[in-house]
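Go ahead and model the full structure; you've got the sequences and the hints to work with.
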Amino acid sequence: MSIKIYFPTNDYLSDLTQNFSKLLSRYDLERIDETAISNLLNNSKVDLALVDPITYANISSENEYAIVPTKCLLAAGYTGIATIYFAKYLRDIQTLAYSPENNFLAILASIILKEKYSFETENIELINISINDLKNYDAIIHTQKFDGYNNTLDLTEEWFDAFEYPLPFAFWIAPIDSDYDSITQITNLMFDSSPKDKIISQYNQSETFYYHREGIIANEFSEEAIKSIEDTIQLFYQIGLIDNMKDLRILGNKEID
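Counting in the numbering used here, the sequence shown runs from 3 upward without gaps.
Hint data in this document are derived by calculation from the structure and do not stem from the laboratory.
Careful: at least some of the hints might be erroneous.
Straight-line Cα separation of at most 20 Å, SDA-like style, residue types lysine to any residue; simulated pairs [stated by the list, open to error]:
id: 1; residue 1: K198; residue 2: K229
id: 2; residue 1: K6; residue 2: D35
id: 3; residue 1: K200; residue 2: R215
id: 4; residue 1: K248; residue 2: I61
id: 5; residue 1: K116; residue 2: Q236
id: 6; residue 1: K147; residue 2: Y14
id: 7; residue 1: K118; residue 2: F165
id: 8; residue 1: K147; residue 2: R215
id: 9; residue 1: K137; residue 2: K200
id: 10; residue 1: K229; residue 2: S180
id: 11; residue 1: K90; residue 2: Q146
id: 12; residue 1: K248; residue 2: E66
id: 13; residue 1: K248; residue 2: D179
id: 14; residue 1: K118; residue 2: K147
id: 15; residue 1: K47; residue 2: S180
id: 16; residue 1: K147; residue 2: I133
id: 17; residue 1: K116; residue 2: A38
id: 18; residue 1: K6; residue 2: A38
id: 19; residue 1: K200; residue 2: F162
id: 20; residue 1: K116; residue 2: N130
id: 21; residue 1: K116; residue 2: R93
id: 22; residue 1: K47; residue 2: S4
id: 23; residue 1: K147; residue 2: N130
id: 24; residue 1: K116; residue 2: T97
id: 25; residue 1: K229; residue 2: F162
id: 26; residue 1: K137; residue 2: D179
Okay, the calculated beta carbon distance ranges per label pair [stated by the list, open to error]:
id: 27; residue 1: R93; residue 2: R251; range: 45 to 51 Å
id: 28; residue 1: R251; residue 2: N190; range: 27 to 33 Å
id: 29; residue 1: E66; residue 2: L243; range: 33 to 39 Å
Every residue gets a Cβ at the ideal spot worked out from N, C-alpha and C, and that includes glycine.
So this is what it looks like as structure tokens:
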């Protein structure tokens, strides 16, 4: 029976799934949206999936999935993965627009705006997002850079400043009784063999000011990743985003570096 593997369409996850086309002849791989992945997980139709913390936390207790301790996407500080763009001359922020594949990013942005800045937003899904949508909405969340537009916040920089731990974007999960060696091999084969950690730096200088922003993107699983996932799920529970706390299960009960 072919192993069924599902992963989201988000561009910021590309390193984790870079080599999927090379594995199509060996496994049943499909790129679908997060909602579809969630439905499949709750119907026990998944052998391996790349998920965000909300999707993982919302899996029914009847279905036992464990985190695969190999590859993930963890970010701290300024990374440029996603940007919140704001309309000009705002006194209040009431609406946040996002594209369907960025629903998780929109949830994160709304948490930051509420917890750090006391703005409670209505999140509005649009099929296509552009900078011109700021004519109709107070803010948008996007992974694309709109050059020359500076009324922004960096999502991961704001998250780390607000909560003081890295933001876990995604990690692999598999049924708790999966074969450890087979599953971990697949996640490693899927990964683009880029450096273990990426240091992101941005320098800004003018006649009147200079500042340096820096962050890190980590793809190797670690104890820090586990702690960040736990803390994020606990936050989601505290603010009522999920109904129950989720006990993290690690595939194979392996020691994490």
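Next on the checklist: Run the distance test for K147 versus Y14: straight-line Cα separation, threshold 20 Å.
Outcome noted: holds (13 Å)
Checklist entry - Taken at face value, is the distance from the CA of K147 to the CA of K118 at most 20 Å? => result Violated. K118 to K147 sits at ~23 Å, over the 20 Å cutoff.
Item to check | 20 Å limit on alpha-carbon distance, applied to hinted pair K6 and A38 | outcome: holds (14 Å)
Checklist entry - Between K6 and D35, is the straight-line Cα distance small enough, at 20 Å or below? => result holds (15 Å)
Item to check | Holds or violated: K248 to I61, with C-alpha atoms at most 20 Å apart | outcome: holds (9 Å)
Checklist entry - Is K118 within 20 Å of F165, Cα to Cα? => result holds (9 Å)
Item to check | K229 paired with S180 [C-alpha distance capped at 20 Å] | outcome: Since the Cα atoms of K229 and S180 sit roughly 23 Å apart, the hinted pair is violated (cutoff 20 Å).
Next on the checklist: For K116 and T97, compute the direct alpha-carbon distance and say whether it is at most 20 Å.
Outcome noted: holds (12 Å)
Checklist entry - Hey, K147 versus R215, does the alpha-carbon distance stay inside 20 Å? => result holds (16 Å)
Next on the checklist: Checking one constraint from the list: CA of K229 to CA of F162, max 20 Å. Satisfied?
Outcome noted: It holds: about 14 Å lies between the C-alpha atoms, which stays within 20 Å.
Next on the checklist: Check whether the Cα positions of K47 and S180 lie no farther apart than 20 Å.
Outcome noted: holds (13 Å)
Checklist entry - K116 and A38: Cα distance at most 20 Å? => result violated (28 Å)
Taken one by one, the earlier hints fail for this structure at numbers 9, 10, 14, 17, 20, 26, 28, 29, listed in ascending order.
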